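Novice: Okay, here's what each chain looks like letter by letter:
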Amino acid sequence: MSNVGIVIVSHSPLVAEGTADMVRQMVGDEVPLAWCGGNGHGGLGTNVEAIMGAIDKAWSEAGVAILVDLGGAETNSEMAVEMIGEPRSQKIIVCNAPIVEGAVMAATEASGGASLKEVVATAHELSPS
Amino acid sequence: MARLNLSRLITAAADTIAAHAEELTALDQAIGDGDHGLNMKRGFEAVRSEAEAFSAKPLPEALKAIGTKLVMTVGGASGPLFGTLFMALGKEISSAPDRANLTAAFGKAIEAVAARGKSQVGQKTMLDVLQPVHDALLQGKTPSEIADIADAAAEATVPMKALRGRASFLGDRSIGHMDAGARSTALLVRTVAKTIGESA
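Listed in order, the protein sequences are those of chains A and B.
Numbering of the first sequence is given in the UniProt record's numbering, commencing with residue 1 and proceeding in unit increments.
Numbering of the second sequence is given in the UniProt record's numbering, commencing with residue 1 and proceeding in unit increments.
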């Protein structure tokens, strides 16, 4: 797949899966998509290994945009990107955007063949800063 | 400095975290998401279960491997933060560190934690314990003095307002509670200081 991939990382598997459902409704199978949520032990939280797995699953040579919810999801996602290492890590960006709106908007942009930079910029437009 | 007995250090650290898991969770429940004790315990038990393998490695590789293990098992933001501390320490430390090397490596590790958490001293985090401990190392304090400095530094997070992490959502309501990460850091510092002090 040549379109940018989208990864959704929430503390809650229900939020992550629900967000992924909303993305699929919008873009179907045109965008590589993966989600993960939970601490890997049945509780709320995020897990570096699961995030690395999701990045693998949604991998695209065009890059991967990650949408996260709260702080730990961001820190763990950044850690996962670092552990994946170069050269792939240069094509993975953790977005600063609300998780649901960001994922849907980013995926919609990606489905039109936009570059990683454009996909991320679309998500970032949702975050006033 | 006495030769580090890594296996003893790992056991002592895991014992300390296990003994204080409920206290850490209670601190985190007050101003966070309440998973710190359980998460840290899970991570340090995972490290304990491979203590023999870690101890067989040269110190830099052992610390990097311990950091990676913590990243993969702690979960929550504490995993990458404590993991980064150990991984960065391993990157900078020599296989038989003297105090100067340990102090320099510790300084670099603190920078790495600050970068990972996008945080700095004074924001009610583990950095508020790590930095005074680094200062104490520079000033040539004894292990038992360093342990006391770490405790006092954790205590000093009580009146601070949280600017990073889940506690920052509470704004002024975070004032009056000790930061759980600062407390766990002080506990680990005391454990390491005590273990090293005993073998000196």
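Please keep in mind that the hints were generated in silico from the structure rather than gathered at the bench.
You may find that some hints are simply not true.
[Stated by the list, open to error] Capping the alpha-carbon separation at 25 angstroms, the derived lysine to aspartate or glutamate pairs in DMTMM-like fashion look like this:
hint : chain 1 : residue 1 : chain 2 : residue 2
1    : B       : 57        : A       : 49
2    : B       : 69        : A       : 49
3    : B       : 118       : B       : 50
4    : B       : 91        : A       : 82
5    : B       : 108       : B       : 151
6    : B       : 194       : B       : 172
7    : B       : 64        : A       : 56
8    : B       : 64        : A       : 74
9    : B       : 57        : A       : 82
10   : A       : 117       : A       : 61
11   : B       : 108       : A       : 74
12   : B       : 118       : A       : 61
13   : B       : 41        : B       : 61
14   : B       : 69        : A       : 61
15   : B       : 118       : A       : 82
This structure is a prediction, so every number in the text was calculated from the model and none was measured.
Novice: Now look at each hint and say whether the structure bears it out.
Specialist: Checked hints:
Straight-line distance between C-alpha atoms of residue 57 of chain B and residue 49 of chain A comes to about 24 angstroms, which keeps the hinted pair within the 25 angstroms bound. Restraint check: the Cα-Cα separation between residue 69 of chain B and residue 49 of chain A comes to about 11 angstroms, which is no more than 25 angstroms; the hinted pair holds. As the CA atoms of residue 118 of chain B and residue 50 of chain B are separated by approximately 31 angstroms, the hinted pair breaks the 25 angstroms bound. Only pairs whose Cα atoms come within 25 angstroms are accepted, and residue 91 of chain B paired with residue 82 of chain A is accepted, the gap being roughly 15 angstroms.
Between the alpha carbons of residue 108 of chain B and residue 151 of chain B the distance comes to roughly 22 angstroms, so the proposed pair stays at or under 25 angstroms and holds. Between residue 194 of chain B and residue 172 of chain B the alpha-carbon distance is near 36 angstroms, which puts this suggested pair outside the 25 angstroms criterion. A distance of roughly 24 angstroms separates the Cα atoms of residue 64 of chain B and residue 56 of chain A; the hinted pair therefore holds under the 25 angstroms criterion. In summary, the hint linking residue 64 of chain B to residue 74 of chain A is supported, as the alpha carbons are separated by about 22 angstroms, within the 25 angstroms threshold.
The suggested pairing of residue 57 of chain B with residue 82 of chain A holds, with an alpha-carbon distance near 23 angstroms, which does not exceed 25 angstroms. This hinted pair checks out: residue 117 of chain A and residue 61 of chain A have alpha carbons roughly 13 angstroms apart, not beyond 25 angstroms. For the proposed pair residue 108 of chain B and residue 74 of chain A, the alpha carbon gap of about 22 angstroms is at most 25 angstroms, so the pair holds. A hinted pair counts as satisfied when its Cα atoms are at most 25 angstroms apart, and residue 118 of chain B with residue 61 of chain A does not qualify at roughly 29 angstroms.
For the given pair, residue 41 of chain B sits about 22 angstroms from residue 61 of chain B by alpha-carbon distance, which is consistent with the 25 angstroms threshold. The straight-line distance between the Cα atoms of residue 69 of chain B and residue 61 of chain A is roughly 29 angstroms, outside the 25 angstroms bound, and the hint therefore fails. Of the pairs offered as hints, the one joining residue 118 of chain B and residue 82 of chain A holds, with about 15 angstroms between alpha carbons and a cut-off of 25 angstroms not exceeded.
Hint compliance for this structure: hints 3, 6, 12, 14 are not met, and every other hint is.
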